[in-house]
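Colleague: Full structure from sequences and hints, please.
Protein chains in written order, with the working numbering: chain A, 5 to 95; chain B, 124 to 550; chain C, 50 to 509.
Just so you know, these hints were derived from the structure itself, not from any lab. Mixed in with the good hints there might be a few duds.
What the hints assert, rightly or not - As a list, the in silico DMTMM-like pairs of lysine to aspartate or glutamate whose alpha-carbon atoms are at most 20 Å apart:
| no. | chain 1 | residue 1 | chain 2 | residue 2 |
| --- | --- | --- | --- | --- |
| 1 | A | K37 | B | E430 |
| 2 | C | K52 | C | E248 |
| 3 | C | K64 | A | E70 |
| 4 | A | K51 | C | E208 |
| 5 | C | K151 | C | E215 |
| 6 | B | K190 | B | D325 |
| 7 | A | K30 | B | E356 |
| 8 | A | K65 | C | E329 |
| 9 | A | K11 | C | D373 |
| 10 | B | K243 | B | E127 |
| 11 | A | K95 | C | E329 |
| 12 | A | K90 | A | E70 |
| 13 | B | K421 | A | E70 |
| 14 | C | K149 | C | E242 |
| 15 | B | K331 | B | E471 |
| 16 | C | K172 | B | E410 |
| 17 | B | K467 | B | D488 |
Claimed, not checked - Restraint-style ranges between C-beta atoms, simulated for each label pair:
| no. | chain 1 | residue 1 | chain 2 | residue 2 | range |
| --- | --- | --- | --- | --- | --- |
| 18 | A | E70 | C | E214 | 35 to 43 Å |
| 19 | A | G49 | C | K149 | 30 to 38 Å |
| 20 | A | E70 | C | G415 | 55 to 63 Å |
| 21 | B | A444 | A | K65 | 31 to 39 Å |
| 22 | A | E86 | C | K348 | 53 to 61 Å |
| 23 | C | D141 | A | I50 | 14 to 22 Å |
| 24 | A | T94 | C | Q344 | 49 to 57 Å |
| 25 | A | P58 | B | D347 | 33 to 41 Å |
| 26 | C | D320 | B | D347 | 36 to 44 Å |
| 27 | A | K65 | B | D347 | 29 to 37 Å |
| 28 | C | I267 | A | K95 | 19 to 27 Å |
| 29 | C | K432 | A | V67 | 27 to 35 Å |
| 30 | C | G231 | B | E175 | 41 to 49 Å |
| 31 | C | N391 | A | V67 | 40 to 48 Å |
Glycine included, C-beta positions come from ideal geometry on N, C-alpha and C.
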Amino acid sequence: MNEPIDKLARIARLDLTKEERDKFAKDLDGILKAFDIIAKAPTKGIKPAMHAVPLKQMGRKDVVAESMSRDEALKNTEHKEEGFVKGPPTK
Amino acid sequence: MSKEIIEEAKKLNEKFNFFITLEAPREGIPIAFKDNICTKGIKTSAGSKILEPYVPPFDATVVERLKAKGFSVLGKTAMDEFGFGTFCVNTFRIPKNPHDPKRSCGGSSGGSAGYIAASKLAKFAIAQSTGGSISAPAAFCGVVGLTPTYGRVSRYGLIDYANSLDKIGVVAKTVRDASKALEIISGPDSRDETCQGAQFKDPPALSKKITIGIPKEWLAQKIDPEVKKAFDEAVKKLQAAGMTVKEISIPSTPYALAAYYIIALAEASTNLAKYCGLRYGATLPLEGGGEFWEYFSKVRGKYFGAEAKRRILLGTFVRMAGYCDKYYIQSQKVRQLLIDDFKKAFKEVDIIAAPTMPIIAPTFDEISKLTPIEEYSMDVLTVPANVAGIPHLSIPCGTAKGMPVGLHLMADHNNDELLVQVGEKYG
Amino acid sequence: MVKIGLEIHLQPNTKSKLFCTCSTEGVEPNTKVCQICMGMPGSKPRLNSDAFIAALKLAIAMNCKIHNISYFARKTYFYPDLPKDFQITQYDQPFATEGKLKMKDKEVEITRIHIEEDPASLKHVESKNGAAYVLIDYNRSGTPLCEIVTPPVFTSPAEARAFLEELMKLADYIGIFDAQEGKIRADVNVSIEGHPRVEVKNITSFRDAERAAQFEIIRQESVVARGEQGVTETRSFDQRTGTTDSMRHKETEEEYGYIPEPDLPPLTITDPELNKIIAEMPEPPYQRIARFVKQYKIKEEQAESLMSERALADQFEDVCKKSDPLLAAMWYSYVQKILNFNAVRFDKTGFKDSNMIEFLSLLSSGEVSKRGAELLLRELVIKPEPAKKAAERLGLLALSEAETKSLVEKAIKENPNAVNDVKSGKEKAIQFLVGQVIRASKGRAKEKTVLELLDIALKQ
Chain A
5 MNEPIDKLAR IARLDLTKEE RDKFAKDLDG ILKAFDIIAK APTKGIKPAM
55 HAVPLKQMGR KDVVAESMSR DEALKNTEHK EEGFVKGPPT K
Chain B
124 MSKEIIEEAK KLNEKFNFFI TLEAPREGIP IAFKDNICTK GIKTSAGSKI
174 LEPYVPPFDA TVVERLKAKG FSVLGKTAMD EFGFGTFCVN TFRIPKNPHD
224 PKRSCGGSSG GSAGYIAASK LAKFAIAQST GGSISAPAAF CGVVGLTPTY
274 GRVSRYGLID YANSLDKIGV VAKTVRDASK ALEIISGPDS RDETCQGAQF
324 KDPPALSKKI TIGIPKEWLA QKIDPEVKKA FDEAVKKLQA AGMTVKEISI
374 PSTPYALAAY YIIALAEAST NLAKYCGLRY GATLPLEGGG EFWEYFSKVR
424 GKYFGAEAKR RILLGTFVRM AGYCDKYYIQ SQKVRQLLID DFKKAFKEVD
474 IIAAPTMPII APTFDEISKL TPIEEYSMDV LTVPANVAGI PHLSIPCGTA
524 KGMPVGLHLM ADHNNDELLV QVGEKYG
Chain C
50 MVKIGLEIHL QPNTKSKLFC TCSTEGVEPN TKVCQICMGM PGSKPRLNSD
100 AFIAALKLAI AMNCKIHNIS YFARKTYFYP DLPKDFQITQ YDQPFATEGK
150 LKMKDKEVEI TRIHIEEDPA SLKHVESKNG AAYVLIDYNR SGTPLCEIVT
200 PPVFTSPAEA RAFLEELMKL ADYIGIFDAQ EGKIRADVNV SIEGHPRVEV
250 KNITSFRDAE RAAQFEIIRQ ESVVARGEQG VTETRSFDQR TGTTDSMRHK
300 ETEEEYGYIP EPDLPPLTIT DPELNKIIAE MPEPPYQRIA RFVKQYKIKE
350 EQAESLMSER ALADQFEDVC KKSDPLLAAM WYSYVQKILN FNAVRFDKTG
400 FKDSNMIEFL SLLSSGEVSK RGAELLLREL VIKPEPAKKA AERLGLLALS
450 EAETKSLVEK AIKENPNAVN DVKSGKEKAI QFLVGQVIRA SKGRAKEKTV
500 LELLDIALKQ
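Modeller: Structure (structure tokens):
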């Protein structure tokens, strides 16, 4: 694999122990080697299939419906203050 | 009736670990749901520690539709974390195969399949497949597993693994029971813009002559000879039922497994980004948690299992600029190749058949010795149909070394009704 | 040589959000939220088609190439204001490209337009014990945004700012944006000769966009002057000091890893659907200005000012069917002064074409004097009612000749010096007397009548 595992872990926001870093680097190498086979697939002139079945445009009109109550919306976290969700600082 | 089902489920759970959460509903026939399906007011963890405390404030569409028909939520069944696995071991609650508790139920819908296999009262349970997660446990546990055409059952309320591959389906004792359940949960849903397929209708008995195709590339995979023997017997049974059997070709088979994992993991790595200790799920104290990028990394590092981390890392890699074309886009092209192969095959035959899995349910010991790529390779027979989004049905067909074997039947897009008819005919 | 480009985010005036039915107008934090805009597991996006149509109208008004099929994309990165830690936006296949905004004396190229969802809003807090954290309000999360990108075609900060004003006026004119209340912000990218492109974010007003560009030019000039190597980077504008700071922070550099959004079908607009929208679009302002000048013989500045709101230009044309265009143009100018003074939109006043027509005819017939007309119009625009009724009620109808005569006589009696001045040939003194009469009449006396009567009275 051409990217250092640390870089991937940073992009994906995953703290890894040293053992994990070593193991995953090895795992990913092996897996990607096996995946290299797709380069041989005869895909010249083939368009990528985003979905397995054709999908039409859907969408709805601009109407407002009732929102969730604030209590319900914030129920699943203990990190909250005065109606806001509380989070780690950005500076 | 409801009381007996609950009592039985409790006993089975103590013995086999099928359930993460068990409820005691007063009304309606209690049904088991895989734990990645949101149930309002009932804990839904998708088998992951990072969502272990989560209680959804809404029901998935499939739950609403079943409730409207008089069913209720019995409990949430064990699964590989977010669907990441073929043996239901990548999670905090590992179900045991009722045929042999030293063996895996299969995954990722292990809890649902095991429960149906062991229960004397339950007729069906709701499960879900991305690369074969309904068929694999159905085969390993000796029950019926029905995965519909992509887009015929709403994913609204399904905790995402891979949005272009996820399908909600049914495990059941009989094909008829699976079919009736699929009728209830299927049909267009405006809340899921990819759910545009027609509602499935439980079909009448088969009346037309059927030709079955067996892909030669699939039989050439490494398959346990005892499993192959059971499959051959099943093919004979199909012929005895008046069906013609012939060999067909799915030439893109060698690329299917890689394409599946690349698409699935790329999408999964984006779906799992939301789990970072904010708004819901497992958290850490904010004090001393550091800046946002430190806090997120700590939470995710702590609560995701090893397989989840591995898949997130891989998925992040294959969609990075510079690699995206070679891996992700190329895999989407392979998906088109597979769809084209199936379309061509379905011009020659009505139904495709193969063994569901190349092995019987492995022991937990055997599983612990597998490398990641060896584990991924176990999906080789189920991923082609899953990538192409065609409907597939696993039916028990005898045993190998005392463990159940599955016969895998597949039909063209939106021919789910024919698939069920043939499955029923097989008996 | 200065090169400035703009990346503008404009919120179209939809009532609901882009991917859910929550209202776009929340006040108390986290009261207009749902599982979708809070990114709860299992939720799925559902496209607000009218938001797409609003964006289409903007793209059409800017002469863009509209693509029948385009794709939403997932832009994945981690920040506390993103409910899913990915944003649904458009990446390499936006729905509109290659446009032109036709301004008065130039055409500005538009690179692309696309739609995307807004993140939540963040507030930074420092608690007493020094611990810092953020407070997140998801009311804003999921709001639709039109992103408009220009190439680096502006050669001065003032030019860039003028473009922003034009864009905002155009968006208001076609009915997708409220220039008074709507939300619009711009990032600028700046490069001078010898220095690579720098992007500046965190700009919240058009004036700040201009200030940011001004500062960047100076900063880049000093880098070049010192012989240093300039860096391509993203900088943050500090509103307080008017300066930009480097945002480069290795730990927070992102790799977005775009994939097409798998929960949504391709974004599609068929040619018949598109043609229907085009047919319903208003005449573009620059075209309408030229036509007004030609057709109604009004001045270009008057025509331009009528474009400040489409409803204003529309009503002007309706009124011109029954009234003199030059007179109408003059008085619509005054209407705008009244609107500005009261900080109110014309299309919210309820002032109808029949109100203006009646008003103008009172003026033409002399039933209301010019001064009285000004007072009358101030009332009518804010509280529209039949003009003559209002004039009566407010005592603004012009005085009759008899009433004027008695005031003229009174003014002559009270101002003997001025009278003598007039009689001894000082023509200007007559204006003084006219003024006195008009004042005494509280603006109701008609100047022409006063002059005539004064003339007659003084000749005796």
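Colleague: Does each hint fit the structure? Answer for all of them.
Modeller: Cross-check of the supplied hints:
1. A:K37 x B:E430: Holds: K37 (chain A) and E430 (chain B) sit about 18 Å apart, inside 20 Å.
2. C:K52 x C:E248: 12 Å, holds
3. C:K64 x A:E70: Judged against 20 Å, a Cα distance of about 12 Å means the pair holds.
4. A:K51 x C:E208: With a Cα-Cα distance of about 43 Å, the restraint between K51 (chain A) and E208 (chain C) is violated, given a limit of 20 Å.
5. C:K151 x C:E215: 9 Å, holds
6. B:K190 x B:D325: With a Cα-Cα distance of about 19 Å, the restraint between K190 (chain B) and D325 (chain B) holds, given a limit of 20 Å.
7. A:K30 x B:E356: 42 Å, violated
8. A:K65 x C:E329: This hinted pair holds, its Cα atoms lying about 18 Å apart.
9. A:K11 x C:D373: 72 Å, violated
10. B:K243 x B:E127: Holds, at about 10 Å.
11. A:K95 x C:E329: 48 Å, violated
12. A:K90 x A:E70: 24 Å, violated
13. B:K421 x A:E70: Outside the cut-off at roughly 36 Å; violated.
14. C:K149 x C:E242: Roughly 26 Å between the alpha carbons, so the hint for K149 (chain C) and E242 (chain C) is violated.
15. B:K331 x B:E471: OK: K331 (chain B) and E471 (chain B) at ~15 Å, within 20 Å.
16. C:K172 x B:E410: The given pair, whose Cα atoms are some 17 Å apart, holds under the 20 Å limit.
17. B:K467 x B:D488: 42 Å, violated
18. A:E70 x C:E214: 35 to 43 Å: 38 Å, holds
19. A:G49 x C:K149: 30 to 38 Å: For K149 (chain C) against G49 (chain A), whose Cβ atoms are near 35 Å apart, the range 30 to 38 Å holds.
20. A:E70 x C:G415: 55 to 63 Å: At roughly 58 Å between Cβ atoms, G415 (chain C) and E70 (chain A) fall inside 55 to 63 Å, so the hint holds.
21. B:A444 x A:K65: 31 to 39 Å: 37 Å, holds
22. A:E86 x C:K348: 53 to 61 Å: At roughly 55 Å between Cβ atoms, K348 (chain C) and E86 (chain A) fall inside 53 to 61 Å, so the hint holds.
23. C:D141 x A:I50: 14 to 22 Å: 19 Å, holds
24. A:T94 x C:Q344: 49 to 57 Å: The hint (49 to 57 Å, Cβ to Cβ) holds, given that T94 (chain A) and Q344 (chain C) are roughly 56 Å apart.
25. A:P58 x B:D347: 33 to 41 Å: Taking Cβ atoms as reference, P58 (chain A) and D347 (chain B) lie about 38 Å apart, which means the hint holds.
26. C:D320 x B:D347: 36 to 44 Å: 57 Å Cβ-Cβ, so the 36 to 44 Å window is violated.
27. A:K65 x B:D347: 29 to 37 Å: Hint violated: Cβ distance 56 Å, outside 29 to 37 Å.
28. C:I267 x A:K95: 19 to 27 Å: 25 Å, holds
29. C:K432 x A:V67: 27 to 35 Å: Taking Cβ atoms as reference, K432 (chain C) and V67 (chain A) lie about 32 Å apart, which means the hint holds.
30. C:G231 x B:E175: 41 to 49 Å: Holds, at about 43 Å.
31. C:N391 x A:V67: 40 to 48 Å: 32 Å, violated
The structure does not agree with the numbered hints 4, 7, 9, 11, 12, 13, 14, 17, 26, 27, 31 stated previously, though it agrees with the rest.
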